[in-house]
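Participant: Single-letter residue listing:
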Amino acid sequence: MSLRYPYKMSYRKLRGTFGPGGGPLARITRLRMVVTSLIRHERIETTWNKAAEARDYAELLIQRAIKNGDKHGPTMELADFWLLEKDLIHKLFKVFVPRFEKCPTAFTKMYRLPYVYPGKGREMGLLELKGNPWPPVLPEAIDKSKHINNVLLNAARQDFRMEQYKSMDMSSDRWHKESVSQMSAAMDTVAKGSGLEETVTDTESLLSDEIREEKEAQEMRELQRKIDSLKNRGKKKHRDEDDDDDDDGTYV
Amino acid sequence: MLFNPRAFYRSYDRPQKGHEKVPSWTIEKHRDSPLNATRVESERLRHAAPTEFRYIFPEFLPHPDWKKRDRVAEKLQRRDMLRRRLVLDIPEFYVGSILGVTVADQHVPSKQSRFVGICIHRDGHGLRANFTLRNHIDGQGVEIKYDLYNPTLQNIEVLKLEKRLDEELFYLRDAPATHSTITFDRKPETLPLGATVPVNMKKIPLNPPPWTQRWEKREDLKGIDLPELPEKRMRKLSQIVKPWEKYDLMKEYRKNISEEEQNEIFKEVVQHHTRVEKKRHQERLKRMT
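Sequence order for the protein chains is C and W.
So the first sequence is residues 1 to 252, counted in my numbering.
So the second sequence is residues 1 to 289, counted in my numbering.
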């Protein structure tokens, strides 16, 4: 049992919950309410601190339920404490346990909500359980590589790079001479388009459009790689930083 | 030739080239030394399942606070701890067990001093692991804190292996002396093979107050038989009581090392044990032939 995402090493006191002087009892009551509503609605919007704090408890509760099952006394007591609406105890064991049994990553996901004036004066967050029935929070990425403007731009980029490469003065370099001849041949086939203009004995012409396009894209990429490697000889490479993503399967 | 301290100490610290291995006659000498003679192979440790290791070797687990963690230091400490355990048999014991400890003491004619007592506390991580023994001698309560991996510790003998209802028995300081008195010539009691460690359900009656701590406020201590206290003193208890703490999952999570990490740590202990057992089995066979 371990949390599968970065979590704070000190707990949030959530001061001022239910007015001044609430103390730890007010904090735990508020967290119970957030966890209950998360289990009920599977996606909730609240202040960032409450959501982040309740996320830990919800994850551990589901992990306990998966590990021990619904016949285990202390786990039932725990579920009874955390879920204020008692019909959700059944939902926890009968819906979420089978859903998250085999899940190797976190069961929840959090998003930061935009600040909408006048707002609540606090940062808002969205907390959702994975596999919920609602439409996705983030819009699906649109592939714009086939849009005419990008196609034209890519082609122009290729031409520019080819010009650059050909004009590079490395006449003593054996590799350069071989690559130039190879690449110019490749560029010619790409410029011609498909192999339809040549004799039909060429098997490439019998390929469908999609496969041909993929091949062309591959050749383009290899070209680019060769150019970059020759350009960057002697230069130090900078390692790209990977994006932080909960779904990577990495966890603390 | 005159004594050359530089050459002497240089060779002492770093063996000469080609002589890096420890010569076998030193190992034999060590094996035959009286320090090893009283070593008893703990049967329970051999047959214990890895899941029980966190109770048998609690000092192998690191501090749960991430600010106090140093993974490299922890790994090195664990290695040293296992090496020490090859030399000295550190047995399995719990708070509430009765132990007899022999320590090397230069000021005593026999160069050894022995103390017997009931273990009231176990603390520390890694090589800093310690335990406190309490006894009542000649009308005076005595507590001695020992470091488990102290090299001057010559022998740790468990005279009675048992657990109590609590993880710390500091309330014995405010209890009658009879509950802390253990005779020095107590004979060791062994448990049958495969038996679980018994839990002594004794409830200790306390002396009348004043006490060293306000034991009535400690709702986590189950082994105390509280006497009648004035109403004014009991009135504040209802405000202090926190019944939600046992359901606070994150508090428990932050206080302990996660199971996955525990398994990683105890894998090393298991490997060490299997290696040691193999070696000892080979040695036994050699001695028989």
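Just so you know, the hints here were simulated from the structure itself, not pulled from any lab data.
Source: prediction; values computed, not measured.
Keep in mind that the hints are not guaranteed to be accurate.
What the hints assert, rightly or not - With a cut-off of at most 35 Å between alpha-carbon atoms, the simulated DSBU-like pairs for lysine-lysine come out as follows: (1) W/K255 - C/K13; (2) C/K67 - W/K163; (3) C/K13 - W/K236; (4) C/K67 - W/K236; (5) W/K279 - W/K202; (6) W/K267 - C/K102; (7) C/K13 - W/K202; (8) C/K166 - W/K267.
Participant: All hints are to be evaluated individually against the structure, with a verdict given for each.
Facilitator: Cross-check of the supplied hints:
no. : hint            : in the structure
1   : W/K255 - C/K13  : 17 Å, holds
2   : C/K67 - W/K163  : 28 Å, holds
3   : C/K13 - W/K236  : 24 Å, holds
4   : C/K67 - W/K236  : 39 Å, violated
5   : W/K279 - W/K202 : 42 Å, violated
6   : W/K267 - C/K102 : 25 Å, holds
7   : C/K13 - W/K202  : 39 Å, violated
8   : C/K166 - W/K267 : 59 Å, violated
Violated hints for the displayed structure, listed by number in ascending order: 4, 5, 7, 8.
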